[in-house]
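A.B. asks: Here is what each chain is made of, one letter per residue.
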Amino acid sequence: MKNRIQLSLFLLPGLLLYVALFVFPTLTGLFYSFTDWDGVSPSYAFVGLDNYKDSLSSIVFRKAFGNNVEFMLTVVIAQTFISLVLALLLVRNTKTRIALRALYFLPAILSSVSVGLIWAFMYDPSIGLINYGLNEAGMGSIAHNWIGDPKIAIYSIAAVQVWAHAGQMMIVFIAGLQGIPAELYEAARMDGGSKWQVFRTVTWPLLAPSATIVVAYTTIQSFKAFDLIFTMTDGGPNYATEILTTYIYHTAFGSYSFGLASAGSMIFLVLLALLTLLQFKALRADRVSY
Amino acid sequence: MFLKWFNRLILLVYALLIIVPLYFVFVSSFKTSSNFFISPFSWPDPFTWDNLTGMFPNQPMWQYFGNSLVVTLGTVAIELLLSSMIAYAIVRWGGSVGKIVFALFVAGLIVPSQVSMLPIYSLTRTLGWSDSLTGLIIVSAAMLMPVSVFMLTGFMRMLNAEILEAGSMDGASEWRLYTRIALPLAAPSLAATATFLLVMVWNDLLIPMLMLSSKSKLTLPLALMQFRGEYVTNYPMMLTGVLVTAIPMIVLFILLQRYFVAGLTAGSLKG
Numbered sequence: 166m167k168n169r170i171q172l173s174l175f176l177l178p179g180l181l182l183y184v185a186l187f188v189f190p191t192l193t194g195l196f197y198s199f200t201d202w203d204g205v206s207p208s209y210a211f212v213g214l215d216n217y218k219d220s221l222s223s224i225v226f227r228k229a230f231g232n233n234v235e236f237m238l239t240v241v242i243a244q245t246f247i248s249l250v251l252a253l254l255l256v257r258n259t260k261t262r263i264a265l266r267a268l269y270f271l272p273a274i275l276s277s278v279s280v281g282l283i284w285a286f287m288y289d290p291s292i293g294l295i296n297y298g299l300n301e302a303g304m305g306s307i308a309h310n311w312i313g314d315p316k317i318a319i320y321s322i323a324a325v326q327v328w329a330h331a332g333q334m335m336i337v338f339i340a341g342l343q344g345i346p347a348e349l350y351e352a353a354r355m356d357g358g359s360k361w362q363v364f365r366t367v368t369w370p371l372l373a374p375s376a377t378i379v380v381a382y383t384t385i386q387s388f389k390a391f392d393l394i395f396t397m398t399d400g401g402p403n404y405a406t407e408i409l410t411t412y413i414y415h416t417a418f419g420s421y422s423f424g425l426a427s428a429g430s431m432i433f434l435v436l437l438a439l440l441t442l443l444q445f446k447a448l449r450a451d452r453v454s455y
Numbered sequence: 277m278f279l280k281w282f283n284r285l286i287l288l289v290y291a292l293l294i295i296v297p298l299y300f301v302f303v304s305s306f307k308t309s310s311n312f313f314i315s316p317f318s319w320p321d322p323f324t325w326d327n328l329t330g331m332f333p334n335q336p337m338w339q340y341f342g343n344s345l346v347v348t349l350g351t352v353a354i355e356l357l358l359s360s361m362i363a364y365a366i367v368r369w370g371g372s373v374g375k376i377v378f379a380l381f382v383a384g385l386i387v388p389s390q391v392s393m394l395p396i397y398s399l400t401r402t403l404g405w406s407d408s409l410t411g412l413i414i415v416s417a418a419m420l421m422p423v424s425v426f427m428l429t430g431f432m433r434m435l436n437a438e439i440l441e442a443g444s445m446d447g448a449s450e451w452r453l454y455t456r457i458a459l460p461l462a463a464p465s466l467a468a469t470a471t472f473l474l475v476m477v478w479n480d481l482l483i484p485m486l487m488l489s490s491k492s493k494l495t496l497p498l499a500l501m502q503f504r505g506e507y508v509t510n511y512p513m514m515l516t517g518v519l520v521t522a523i524p525m526i527v528l529f530i531l532l533q534r535y536f537v538a539g540l541t542a543g544s545l546k547g
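Protein chains in written order, with the working numbering: chain V, 166 to 455; chain Y, 277 to 547.
Simulated from the structure, these hints should not be mistaken for lab results.
Honestly, I wouldn't trust all of these hints.
To be verified - Straight-line alpha carbon distances no greater than 30 angstroms define the calculated BS3-like cross-link-like pairs of lysine-lysine that follow: (1) V/LYS360 x V/LYS218; (2) V/LYS167 x V/LYS316; (3) Y/LYS280 x V/LYS260; (4) V/LYS218 x V/LYS228; (5) Y/LYS375 x V/LYS446; (6) V/LYS360 x Y/LYS280; (7) V/LYS360 x V/LYS260; (8) Y/LYS375 x V/LYS167; (9) V/LYS316 x V/LYS228.
Claimed, not checked - Quick look at which bits of chain Y chain V covers, simulated, 3 or more residues with Cβ under 8 angstroms: (10) 313-327; (11) 416-430; (12) 443-453.
Stated by the list, open to error - What follows is a set of in silico ranges between Cβ atoms, one per label pair, in the way DEER data are often shown: (13) Y/LEU285 x V/LEU349: 25 to 31 angstroms; (14) Y/LEU349 x V/ILE292: 34 to 40 angstroms; (15) Y/ALA383 x V/ALA210: 29 to 35 angstroms; (16) V/SER206 x Y/VAL289: 53 to 59 angstroms; (17) V/ARG262 x Y/VAL527: 20 to 26 angstroms; (18) Y/TRP281 x V/GLN343: 23 to 29 angstroms; (19) V/PRO374 x Y/ARG534: 20 to 26 angstroms; (20) Y/VAL382 x V/LEU174: 32 to 38 angstroms.
All C-beta atoms in this analysis are idealised placements derived from N, C-alpha and C, irrespective of residue type, glycine included.
Construct all of the structure, not just a fragment, from the sequences and the given hints.
C.D. replies: Below is the structure:
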């Protein structure tokens, strides 16, 4: 006995808001990508696929894409590994462990701007705590201009991204670990398996769904990073940390090439959609039952 | 035995990695500039409240705070109301209509705010909503709709359909079923969704940055970006800004830890 008229009224306000201020604007973005609009003047001309061609052949765009991939791979590998290790160490529910979980999770609730500012200081070559600590410890030779050196800047920021979100992913792994029935562990131990064997034959295979979730989330999250890089280096030095999102921002609001920036964001969206699709496939394939 | 100590060492090192930067922010906020440069690690000596008390008269801090509060609470309230109604209707309607509406919102999950920023920027300028907190609230609510509808629909699917059906047989209107049965039963999921949205909106940089320009309208993350320029040599002051921005979230986190974890994991996993 559903009252469909009443239910339609439930849908209406939200749908209107969503379509008017999200769906429709996003579609106009596609429209702008075929124009030479500068974002301010009232007139513009259609340029067909020129913006797409210009984007794909632009050196900065290619550099940004390369940086995106580098940043993403670094974060995914480091974050998955670190959050898994932490989860394995904190899976049992003792008071200390629960407190540590909360501590490790804490950075995830800070704004990227705050995290960026904190770490910009930690990394500062002259007054930063990292170089200060290294000097104090007699390891001054490792001291570095962490986000000012184009060779390592992107990795320095990747480390901050991991610092902020590894604890959050640890929680996903812990949930996965706690979902594994205890009998399976007992059975494996009864069979005389060593710790490593138990991990390899019981824990790891049954943890696959959680691992897929973590990898999927981290991949997408790091691919569309923006705030942290914007706050810490704004794409510099010399485009060393420019990624696609900062490229889009700079193209639109720095050089007033709104049409070109729109084409860039459409390419970015397609790449992101492909990644998401791959992840969904992986998620489906990795369902295990026990 | 060795392994056990090794495990503890890992946990300790990681704990320090989290604590040291946060400790640094905390102590710097109570240091004088000279003390900050001489001994960055040490406990503040002399201990000073000047950064904290100086910040409020020097900056329209209360204003920034108020703006962030209004935008966050406004967005979350609208979002929860509209999204829970949609989620209820999706689950209750079911069938292909439910599927289509759900799919329409899920499709939005793929589009990140970095892609919609350009069209949103030009649309809000055309509408004359630039520099308006109300405009920002409405736009933020629209942009977060995919993730909140996704989360709440997931939660509402767990409701017992028979109870709703029985209530409906007794002649209860959908509004009554929604307010008397669905919402109370979904309360923990609403709380988790709300905390997730609180964090997202309180910390958001991009959308406020595109829409707000005058100093009296800034939210805290925007104010922080501005401090970076203004306090380019006064680091203790800038780090005090970081502390002030983080305190409300940290207090909430301590009070509502359970919901933070549930919300941030459930939301982010599909975000």
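A.B. asks: Hint by hint, note whether the structure agrees.
C.D. replies: Checked hints:
| no. | hint | result |
| --- | --- | --- |
| 1 | V/LYS360 x V/LYS218 | violated, 55 angstroms |
| 2 | V/LYS167 x V/LYS316 | violated, 62 angstroms |
| 3 | Y/LYS280 x V/LYS260 | holds, 17 angstroms |
| 4 | V/LYS218 x V/LYS228 | holds, 16 angstroms |
| 5 | Y/LYS375 x V/LYS446 | holds, 20 angstroms |
| 6 | V/LYS360 x Y/LYS280 | holds, 13 angstroms |
| 7 | V/LYS360 x V/LYS260 | holds, 24 angstroms |
| 8 | Y/LYS375 x V/LYS167 | holds, 16 angstroms |
| 9 | V/LYS316 x V/LYS228 | holds, 13 angstroms |
| 10 | 313-327 | holds (count 3) |
| 11 | 416-430 | holds (count 6) |
| 12 | 443-453 | holds (count 5) |
| 13 | Y/LEU285 x V/LEU349: 25 to 31 angstroms | holds, 29 angstroms |
| 14 | Y/LEU349 x V/ILE292: 34 to 40 angstroms | holds, 38 angstroms |
| 15 | Y/ALA383 x V/ALA210: 29 to 35 angstroms | holds, 31 angstroms |
| 16 | V/SER206 x Y/VAL289: 53 to 59 angstroms | holds, 56 angstroms |
| 17 | V/ARG262 x Y/VAL527: 20 to 26 angstroms | holds, 23 angstroms |
| 18 | Y/TRP281 x V/GLN343: 23 to 29 angstroms | holds, 25 angstroms |
| 19 | V/PRO374 x Y/ARG534: 20 to 26 angstroms | holds, 23 angstroms |
| 20 | Y/VAL382 x V/LEU174: 32 to 38 angstroms | violated, 22 angstroms |
Taken one by one, the earlier hints fail for this structure at numbers 1, 2, 20, listed in ascending order.
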